[in-house]
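Trainee: Sequence:
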Amino acid sequence: MKLINELADQYLIQTEEFQGMLNVKTGEIVFEPKDPFEDEFYDEDEDDTEYDDEFEMDEEVEAADDLVIIPEFTSPEAYEAREAYARQLPDTGQRKKLLESLQRKKPFQQFRNQLDALDLTEGWHKFEQEFAKERIVEWLKEEGLYEKIVELEKMSGSK
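Under the UniProt record's numbering, the first residue of the sequence shown is numbered 1, with each subsequent residue one higher.
Everything labelled a hint here was simulated from the structure, so no lab data went into it.
On a predicted model such as this, the values are computed, not experimentally measured, just so you know.
Check before you lean on any hint, since a few could be wrong.
What the hints assert, rightly or not - Computed spacing ranges between beta-carbons, pair by pair:
#1 N113 <-> D66: 37 to 47 Å
#2 D9 <-> E83: 29 to 39 Å
#3 R95 <-> K25: 38 to 48 Å
#4 N23 <-> E72: 42 to 52 Å
#5 R104 <-> G144: 39 to 49 Å
#6 E142 <-> K96: 27 to 37 Å
#7 I29 <-> E134: 12 to 22 Å
#8 R104 <-> M155: 40 to 50 Å
#9 K141 <-> E83: 17 to 27 Å
#10 D65 <-> K106: 34 to 44 Å
#11 Y146 <-> V30: 11 to 21 Å
#12 E28 <-> D119: 23 to 33 Å
Don't be surprised by glycine CBs; every beta carbon is placed ideally from N, CA and C.
Work out the full structure: start from the sequences and follow the hints.
Mentor: Written out as structure tokens, the structure is:
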């Protein structure tokens with residue numbers, strides 16, 4: 001499912017400055033600054049008379065009602081994903097090294113270094129993507145949006 005994959009990608013790359021939002025009517029993913037007043041392009045001295053037009057404002061409010069914020073991949077979830085990846089490895093030596101890396105100072109960097117040393121980076125990225133897709137599906141179901149997204153994908157012919 002293309003849209004769920006895109007949502008999973010967005011879930012993994014959210015930043016402190018920007019957030020992704022899903023338009024539940026169109027399936028479009030949009031990116032916005034979390035605080036528009038901190039946007040480098042925002043000019044508080046700019047004349048906002050364009051918003052005096054009621055029709056324009058109504059369209060913007062209606063469009064905003066169609067947007068839901070895509071959740072962030074928090075540090076605890078990122079840690080949980082790394083730990084789950086390590087625990088599912090069949091090689092106990094690799095498992096032990098990765099779990100130990102998570103107990104050190106700067107665990108994410110240590111984990112990444114250990115992945116490289118053990119040549120497990122590609123497997124980790126596949127696991128992380130599946131982890132993200134599972135979380136996105138859970139979120140969509142909690143929000144009551146899963147069936148709607150499946151329908152949008154059917155209508156657009158995405159797989």
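Trainee: For every hint, state whether the structure bears it out.
Mentor: Hint by hint, here is what the structure shows:
1. Our hint of 37 to 47 Å for N113 and D66 holds, since their Cβ atoms are close to 43 Å apart.
2. At about 22 Å, the beta-carbon gap between D9 and E83 misses the expected band of 29 to 39 Å.
3. Distance hint check: the CB atoms of R95 and K25 are about 45 Å apart, consistent with the given range 38 to 48 Å.
4. Checked against the hint of 42 to 52 Å, the C-beta distance between N23 and E72 comes to roughly 18 Å, which is inconsistent with it.
5. Here the CB-CB span from R104 to G144 is close to 41 Å, well matched to the stated 39 to 49 Å.
6. The hinted range of 27 to 37 Å is satisfied by E142 and K96, whose Cβ atoms lie roughly 35 Å apart.
7. Checking the proposed 12 to 22 Å range against I29 and E134 shows it holds: the Cβ atoms sit about 19 Å from each other.
8. A C-beta distance of roughly 48 Å is found between R104 and M155, which places it inside the suggested range of 40 to 50 Å.
9. For the pair K141 and E83, the supplied restraint of 17 to 27 Å holds, since their beta-carbon distance comes to about 24 Å.
10. The hinted window of 34 to 44 Å between D65 and K106 holds, with their beta carbons roughly 42 Å apart.
11. Between Y146 and V30, the C-beta spacing of about 20 Å keeps the proposed range 11 to 21 Å intact.
12. Between E28 and D119, the C-beta spacing of about 38 Å breaks the proposed range 23 to 33 Å.
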